[in-house]
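Engineer: Next come the chains, spelled out residue by residue.
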Amino acid sequence: MSADTLAYTVKPHPVTAMYSGKFGTWLFLASEVMLFGALFSSYVLLRVGAPAEGPGHWLSHEEAHLSWRIGAFNTLVLIVSSVTMVMAWVSLKMENLAKAKLYLTITVALALLFLVIKLSLEYYPHFKHGLVPSHSNFFALYYTMTGLHALHIIGGIIVIAYFIGPGSALWGRDPEYYTNRIECTGLYWHFVDLVWIFLFPVLYLL
Amino acid sequence: MSDTHADVGGHVKLYIAVFVALAVFTVLTVLASRIQASVPMHVTVALVIAAVKASLVAAVFMHLKWEKATTLWVILLMSAVLFAVLMALPTLTTEDLPPGVHRGTWG
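Residue numbers (this note's numbering), protein chains in the order written: chain H, 364 to 569; chain L, -9 to 97.
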């Protein structure tokens, strides 16, 4: 193995018992749990501390003009995108790169759909009606949490697009390595889905 | 992972089953939120459903069902414990309020 090659990209590392990309991805996701966990913790703190009524009270969904229909639809969009992401990995295991790329492309399309819905049906009309982050504690947290989540969606789109495009050249050199990179991308993508699974009831239903 | 073609083929059915379960739970959580009940009841039901959905995603889509590496489970255990600590922190603030200040009046 030459000095410029990463070690244990396919074979399990003797210490961690998994290939190093997976180990690194899980460590990253553990730090992500802390990042989003701090925000959920802030949500509990601010909500429990808010007065029952009057100035500074916690907004109801009606007051916040948040539609559970849009939230539920976007939940489904992300769930379907998780299925297509994992199917891309299955296709690679079956040695079908073309099919994998098709599934990855659908995943990107669904991610873009999620963002378009979020921006055009929620952020834009909210901003137009003055429901900006400085409006209330609810909206400050709503924009921080959904905004950070949306950034993760954008990050996912960039990574998946790279693996559909230039990143797929790796398939020709080392198919197992490429398959593992798609598995790690999937781990991240499912985590983004998982965060939304909590954001949806917390922000739209409770 | 060292799955053979046959193993992975068997995964697909499970992925579809999990997808259906996630869709059904999404509908359930919406329906549950519309029932007349106390706030703590609503919070409990919504978080239990979300936790079940999240577990399905982690176990199946994120392949934890097939993972045996101890290192991975140690990482997950650590983040679970630290997450619990983060979620418990807000309770400290309501247990230690200045005299005359009650929960829900300091917003």
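Honestly, the hints are just simulated from the structure, not real lab data. Don't be surprised by glycine CBs; every beta carbon is placed ideally from N, CA and C. Hints may contain errors.
Footprint (simulated), chain H over chain L, 3 or more residues, beta carbon under 8 Å [stated by the list, open to error]:
| no. | region |
| --- | --- |
| 1 | 37 to 51 |
| 2 | 61 to 75 |
Below are the SDA-like pairs computed for lysine to any residue, each with C-alpha atoms no more than 20 Å apart in a straight line [as the list claims (entries may be wrong)]:
| no. | chain 1 | residue 1 | chain 2 | residue 2 |
| --- | --- | --- | --- | --- |
| 3 | L | K58 | H | H498 |
| 4 | H | K481 | H | K464 |
| 5 | L | K58 | L | I6 |
| 6 | L | K55 | H | K464 |
| 7 | H | K464 | L | T83 |
| 8 | H | K462 | L | K58 |
Beta-carbon label-pair distances, calculated as ranges [to be verified]:
| no. | chain 1 | residue 1 | chain 2 | residue 2 | range |
| --- | --- | --- | --- | --- | --- |
| 9 | L | V2 | H | K374 | 24 to 34 Å |
| 10 | L | A78 | H | A532 | 41 to 51 Å |
| 11 | H | G493 | L | V(-2) | 44 to 54 Å |
| 12 | L | L67 | H | H424 | 20 to 30 Å |
Engineer: State for each hint whether it applies.
Structural biologist: Do the hints match the structure? See the list:
no., hint, in the structure
1, 37 to 51, "holds (count 8)"
2, 61 to 75, "holds (count 8)"
3, K58/L - H498/H, "violated, 48 Å"
4, K481/H - K464/H, "violated, 26 Å"
5, K58/L - I6/L, "violated, 23 Å"
6, K55/L - K464/H, "violated, 26 Å"
7, K464/H - T83/L, "violated, 50 Å"
8, K462/H - K58/L, "violated, 29 Å"
9, V2/L - K374/H: 24 to 34 Å, "holds, 26 Å"
10, A78/L - A532/H: 41 to 51 Å, "holds, 48 Å"
11, G493/H - V(-2)/L: 44 to 54 Å, "holds, 52 Å"
12, L67/L - H424/H: 20 to 30 Å, "violated, 36 Å"
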